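Chains as they are written, first to last, in our numbering: chain A, 1 to 386; chain B, 387 to 531.
Worth double-checking, as some hints may not be accurate.
To be verified - Okay, the calculated beta carbon distance ranges per label pair: (1) A:ARG17 / B:GLY397: 27 to 33 Å; (2) B:LEU406 / A:GLY324: 58 to 64 Å; (3) B:GLY521 / A:THR58: 53 to 59 Å; (4) A:SER191 / B:CYS475: 28 to 34 Å; (5) B:SER517 / A:SER65: 43 to 49 Å; (6) B:GLY505 / A:GLY277: 39 to 45 Å; (7) A:MET1 / B:ASP496: 51 to 57 Å; (8) A:GLY18 / B:CYS427: 19 to 25 Å; (9) B:ARG454 / A:GLY277: 36 to 42 Å; (10) B:GLN450 / A:GLY277: 50 to 56 Å; (11) A:ASN55 / B:SER425: 38 to 44 Å; (12) B:GLN450 / A:THR164: 52 to 58 Å.
Said to hold, decoys possible - Here's a subset of chain B near chain A, in silico, CB distances under 7 Å, partners left out: (13) LEU406; (14) ALA416; (15) ARG418; (16) SER452; (17) ARG454; (18) THR456; (19) MET467; (20) LEU491; (21) ARG493; (22) VAL495; (23) CYS497; (24) LEU502; (25) SER517; (26) THR518; (27) GLY521; (28) LEU525.
Simulated from the structure, these hints should not be mistaken for lab results. Computed from a predicted model, the values in this text were never measured in an experiment. Where is the CB? At the ideal position from N, CA and C, for every residue including glycine.
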Amino acid sequence: MKDKACIVGVGATGFCRGEGSGKSLHGLQLEAALAALADAGLRAGEVDGIMPFPNLGTAEGFAASLGCENLRFATTVNMGGAAPVASLGVAAAAVSSGLADYVLMPAGWNGYSGSRAGAIVQEMTASIPGGAIARDFYLPHGLVAPPQWYALIARRHMHEYGTTAEQLGAVALAMRKHAQLNPAAVMHGKSMTMEQYLASPMITDPYRLFDCCLETDGAAAFVVTSAERARDLARTPVYISGVASAQPYPADEITGREDIFRTGLTVAAPRAFEMAGVKPADADFAQVYDCFTFEVVQQLEEAGFCARGEGGAFVQEGRIELGGELPVNTHGGLLSEAHVLGMGHVVEAVRQLRGEAAGRQVADASLGVVTGWGDFGDGSIAVLRN
Amino acid sequence: MTDAGKKKAVGLPLPLMQGLHGEFYGHCAAGRLSFQRCSDCGRWRHVPREICPACSSWNWSWEQSSGRGTVYTYTIAERPMHPAFAERCPYAVVVVEMEEGVRLLSRVVDCPPSELEIGAAVKVDFEDVGSTAAGKVLLPVFRRG
Ligand SMILES: [Zn+2]
């Protein structure tokens, strides 16, 4: 499948907190979809494959609104925040095998003005794999939301490897710094110091407020087609060189994992790099699903950018900032740009590889990595090139 | 039995008490922490599952745990993310590694969050958190020692 499919269009709405998007869940995603299709130079009706984000819309609904009269490929990857990058793999398989010509993935939500993290706990346990386990064995003890689930893993890592609060802070600071170069970022214009990070209120120890991603209204979308078709389209194609997704074991329950740090990415990353024929060190940048700061540290380790236990040191001293060894989340990520369910990382990777990232452009970017993280640690990764 | 009734919070989410999950809590209601144990390979398991993930056997029985374990990891919830726990903040949720090798999520009820330590020895107790149509619900919780 290497290089047989390309991302040919990306688009996003504005991102906001407070005033609300003014659009419905469906409307927000349509706005992003139209932007991605316009970017690709495609008419909406040409789309014949749609992959909605889990629980945020149906292919039928999107096809009806967009006038896709020939929908022939419709599926959803149920991996929470790992879905967008995993969907790149499914879309690539679909277009390279002829199941569809143009696959659209829209995703977005009113994550701030609609139901927010606290309120959606019950919904979440009904909709995620392992929801019944969470309901019966986690919720009654007060473990009710993602920052708490993942904080359990972060705490254990700090215990085993000496990972520090300042190292988690280095992730938060890097994302915030990058957001200063991205006018679309919610945290644009709001810089942060380590003192401010450390002084931010504790949410679920060891996670402080600034370890936690934003809740925002917004949507983003991408379009995938075959390498042959991509040549006839408007934009520089971004090739999907390697892609994989996988589950932790067990995927439906966190506490019983023999190796609590082994996530889906641990399995997926070597496969994606092998498919692409490259090594982690070859990447010019990485867009890493940053629902919380430690998840960046963990994914850098599990994806092979550094050894397990060395992630804390890897993120310090500007190494993951623009100009460093591996710029991470050059748009500001979920922590400082916006939470659009992992789609923002794909959009940013494409912009970097097309040389369209303006003041935050990674010089001569030709190979980039994007990861996704979802549910109880489902993982996905794509190696992209221009 | 500990603090029965004292910590009852309105709207506390209770387990549904169905199927194997219900059986697990049925043992708790009788004051026993029991886990499934494979009759063929001897592997203990939690959370409850239909067959043994190690050997695919359907044969198993509920066996009582020693009730002793150690703190494997924890988080301290400072901000409520569910209204039922708002008054309880800050509280720690703890993953306990049992002598039998299984881990379960719980709380250490006689230890202030600031004194929690990974590796600390704990032993099981039960907390009455209310009732469902299926009867009383006692959660397995832990005490130091
Ligand atoms: Zn067995």
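Outcome of the hint check:
1. Between ARG17 (chain A) and GLY397 (chain B) the CB atoms are about 28 Å apart, so this pair conforms to the stated range of 27 to 33 Å.
2. For LEU406 (chain B) paired with GLY324 (chain A), a C-beta distance near 50 Å fails the hint of 58 to 64 Å.
3. For the pair GLY521 (chain B) and THR58 (chain A), the supplied restraint of 53 to 59 Å is violated, since their beta-carbon distance comes to about 40 Å.
4. Taken as a hint, the range 28 to 34 Å holds for the pair SER191 (chain A) and CYS475 (chain B), whose Cβ atoms sit roughly 30 Å apart.
5. With their beta carbons about 48 Å apart, SER517 (chain B) and SER65 (chain A) fall inside the hinted range of 43 to 49 Å.
6. The given range of 39 to 45 Å is respected by GLY505 (chain B) and GLY277 (chain A), whose C-beta atoms sit roughly 44 Å from each other.
7. As the Cβ distance of MET1 (chain A) to ASP496 (chain B) is approximately 56 Å, the hint placing it in 51 to 57 Å holds.
8. Separated by about 56 Å at the C-beta atoms, GLY18 (chain A) and CYS427 (chain B) break the suggested range of 19 to 25 Å.
9. Take ARG454 (chain B) and GLY277 (chain A): their Cβ atoms lie about 51 Å apart, and the range 36 to 42 Å is violated.
10. Hint check: GLN450 (chain B) to GLY277 (chain A), Cβ distance near 54 Å, so the stated range 50 to 56 Å holds.
11. Checked against the given bound of 38 to 44 Å, the beta carbons of ASN55 (chain A) and SER425 (chain B), roughly 39 Å apart, stay inside it.
12. Distance hint for GLN450 (chain B) and THR164 (chain A): a CB-CB separation of about 41 Å, inconsistent with the stated range 52 to 58 Å.
13. Taking 7 Å as the C-beta cut-off, the interface hint given for LEU406 (chain B) is violated, the closest approach to chain A being about 10 Å.
14. Because the smallest distance between the Cβ of ALA416 (chain B) and any Cβ of chain A comes to about 18 Å, over 7 Å, the interface hint for this residue is violated.
15. Hint status for ARG418 (chain B): violated, given a least beta-carbon distance of 17 Å to chain A, over 7 Å.
16. A cut of 7 Å between beta carbons decides the hint on SER452 (chain B): the least distance to chain A is about 18 Å, and the hint is violated.
17. Here the hint on ARG454 (chain B) is broken, as its CB sits about 17 Å from the closest CB of chain A, past 7 Å.
18. With 7 Å as the threshold, the beta carbon of THR456 (chain B) stays out of range of chain A, its nearest partner Cβ sitting at about 12 Å, so the hint is violated.
19. Proximity of MET467 (chain B) to chain A holds as hinted, the smallest CB-CB distance being about 4 Å (cut-off 7 Å).
20. Interface hint status for LEU491 (chain B): upheld, as the beta-carbon distance to the closest one in chain A is roughly 5 Å, under 7 Å.
21. Among the interface hints, the one on ARG493 (chain B) holds; its C-beta lies about 6 Å from the nearest C-beta in chain A, closer than the 7 Å criterion.
22. Of the supplied interface hints, the one on VAL495 (chain B) is violated, with its beta-carbon coming no nearer than about 11 Å to a beta-carbon of chain A, more than 7 Å.
23. This hint is violated: CYS497 (chain B) has a C-beta 14 Å from the nearest C-beta of chain A, more than the 7 Å allowed.
24. With 7 Å as the threshold, the beta carbon of LEU502 (chain B) stays out of range of chain A, its nearest partner Cβ sitting at about 10 Å, so the hint is violated.
25. Hint status for SER517 (chain B) relative to chain A: violated, with the closest Cβ pair at about 13 Å, above 7 Å.
26. Because the beta carbon of THR518 (chain B) sits about 11 Å from the nearest beta carbon in chain A, more than 7 Å, this interface hint is broken.
27. The beta carbon of GLY521 (chain B) is not positioned within 7 Å of any beta carbon in chain A (closest approach about 15 Å), and the interface hint is therefore violated.
28. Against a cut-off of 7 Å between C-beta atoms, the interface hint on LEU525 (chain B) holds, since the closest Cβ of chain A lies about 6 Å away.
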